[in-house]
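Q: Below are the chains, spelled out letter by letter.
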Amino acid sequence: MAHRDYDWLTPALTLVGALILAALPLPESVAAFRPDWAVIVLLYWSLIAPRRYGLLTALWMGLALDTLSGALLGQHALALLIVVYLSQRFYLRIRVFPVSQLAVTVVLLLSLYQFTLFWIDGVAGRTVPLIERWGPVITGAVVFALILTAFERRRQAAAARM
Amino acid sequence: MSAPGQYSGSQGRGEVSLGARFALLAIVSLALMLLDHQANHLARVRQALLIIVYPIQMLVDVPSDVWQSLHGWVTEREALLAENEQLKRERLSVNFRLQRLDTLEAENRRLRELLDSTEALGHRVLIAEVLAVDLDPYRQRFNLNRGLQDGVFVGQALLDADGVVGQVVEVGPFTSEAVLITDADHAVPVSLNRNGLRTIAVGTGESNRLRLPYLTNSADVVAGDLLISSGLGGVFPSGYPVARVLEVQVRPGQSFAEVIAEPVSKLDRDQEVLLVWTEDNAPPAETARLAGEL
Numbered sequence: 027m028a029h030r031d032y033d034w035l036t037p038a039l040t041l042v043g044a045l046i047l048a049a050l051p052l053p054e055s056v057a058a059f060r061p062d063w064a065v066i067v068l069l070y071w072s073l074i075a076p077r078r079y080g081l082l083t084a085l086w087m088g089l090a091l092d093t094l095s096g097a098l099l100g101q102h103a104l105a106l107l108i109v110v111y112l113s114q115r116f117y118l119r120i121r122v123f124p125v126s127q128l129a130v131t132v133v134l135l136l137s138l139y140q141f142t143l144f145w146i147d148g149v150a151g152r153t154v155p156l157i158e159r160w161g162p163v164i165t166g167a168v169v170f171a172l173i174l175t176a177f178e179r180r181r182q183a184a185a186a187r188m
Numbered sequence: 002m003s004a005p006g007q008y009s010g011s012q013g014r015g016e017v018s019l020g021a022r023f024a025l026l027a028i029v030s031l032a033l034m035l036l037d038h039q040a041n042h043l044a045r046v047r048q049a050l051l052i053i054v055y056p057i058q059m060l061v062d063v064p065s066d067v068w069q070s071l072h073g074w075v076t077e078r079e080a081l082l083a084e085n086e087q088l089k090r091e092r093l094s095v096n097f098r099l100q101r102l103d104t105l106e107a108e109n110r111r112l113r114e115l116l117d118s119t120e121a122l123g124h125r126v127l128i129a130e131v132l133a134v135d136l137d138p139y140r141q142r143f144n145l146n147r148g149l150q151d152g153v154f155v156g157q158a159l160l161d162a163d164g165v166v167g168q169v170v171e172v173g174p175f176t177s178e179a180v181l182i183t184d185a186d187h188a189v190p191v192s193l194n195r196n197g198l199r200t201i202a203v204g205t206g207e208s209n210r211l212r213l214p215y216l217t218n219s220a221d222v223v224a225g226d227l228l229i230s231s232g233l234g235g236v237f238p239s240g241y242p243v244a245r246v247l248e249v250q251v252r253p254g255q256s257f258a259e260v261i262a263e264p265v266s267k268l269d270r271d272q273e274v275l276l277v278w279t280e281d282n283a284p285p286a287e288t289a290r291l292a293g294e295l
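Protein chains in written order, with my numbering: chain A, 27 to 188; chain B, 2 to 295.
Simulated from the structure, these hints should not be mistaken for laboratory data.
Model, not experiment: these values are computed from the prediction.
One or more hints might be untrue.
[Said to hold, decoys possible] Reference excerpt, derived from the structure (chain B facing chain A, CB under 7 Å, subset only): (1) ARG22; (2) SER30; (3) LEU43.
Here a beta-carbon is modelled for each residue, glycine too, at the ideal position from N, C-alpha and C.
Bound-form chain A, shown alone (with noise of 0.2 Å):
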């Protein structure tokens, strides 16, 4: 099947958006509960076209967070960078997973991803209250799944070009 370069202007302006999702105030109840919005599209563009978007673009979106949130510069980059390798090391597997199977791998992904973080606020001596933190993990993992089906088309395509 002949299939058309995706452009790079929807990938650039998802991941805006993730950042833009990101930062939006939300109340204090449902704060705690909101999906980590920038690895989900990180993940998602690494699965679909892993050779454009992968470590490099997952350093400048850490960055970027780490800016936005006043964390420690590389915070953020390193917990995407870890993600990602994981995901760009496996795509070929992940990308033929059946839904159910997917959202596990997510959540898996997503934990590694919050237990970085903590850690590094552990380590550099940041007090950082214990509040739950599996209610992104759960939310995220819910939204990459609804993405993924929105799009099952796109990972069809990505899947049977390899």
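Given chain A, work out where chain B should sit, using these hints.
A: Quick look at chain B alone, frame taken from chain A:
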């Protein structure tokens, strides 16, 4: 580490394997973190990055801005009149208190001259708007729409109409980032207004709680005591209200009491805060120079 070719996913880039690239970039981000953690080695880098994310901060702020102007449009006439009435009344009582303050201030100055002590009372303030940007639910931080070009500097105190709010921790060209006194990493030197007892108020991470962990069981502190900034540490000007003591729990068998206080400023509802320049915390020469450059 060389990945099996089939999974390496790096054929597009050719030579370097995915693992090697990951290791390289991970080292880069680790190095950044080390440099950033050590001291202010990366102040310039952060400023540059802040310029890049500035449009995002502005975009994020748009919905709440729009909401507020919409709210202004559709607020009913009666509500506005009532608010106007209330503000007039408030102004009257505030003016009344100001009259007394003027005489007190004059008297205070005279007495200080007699005592030959000098204390800077002149403060310059600038109103800064709080940007509706919110990323980390675990930290008590926010962004302001003032930066280097307004002369903001790291360590500058923030007040609101009721008391101390926090301090500036990061300054970009157009925006700056502030930490609230309730952030778990923040502490304010305070003294009890009633008897001048000095201690430190530590943030808890909750926006309406402070802890006073260094008061002994025998310390003279009761619920309702007002805590004011003591001016020690040189960040916060002295004499501004910080918090009111909520409860004091004497813990026999331990040397320190458990004292909880509630901030007097409206930390989580502030739309606007005041940046303060006092004579003794005037911006260091370097910041002033940077501001001049911009």
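Q: All hints, please: hold or fail.
A: Right, here's what the structure says about each hint:
no. : hint  : result
1   : ARG22 : 5 Å, holds
2   : SER30 : 4 Å, holds
3   : LEU43 : 6 Å, holds
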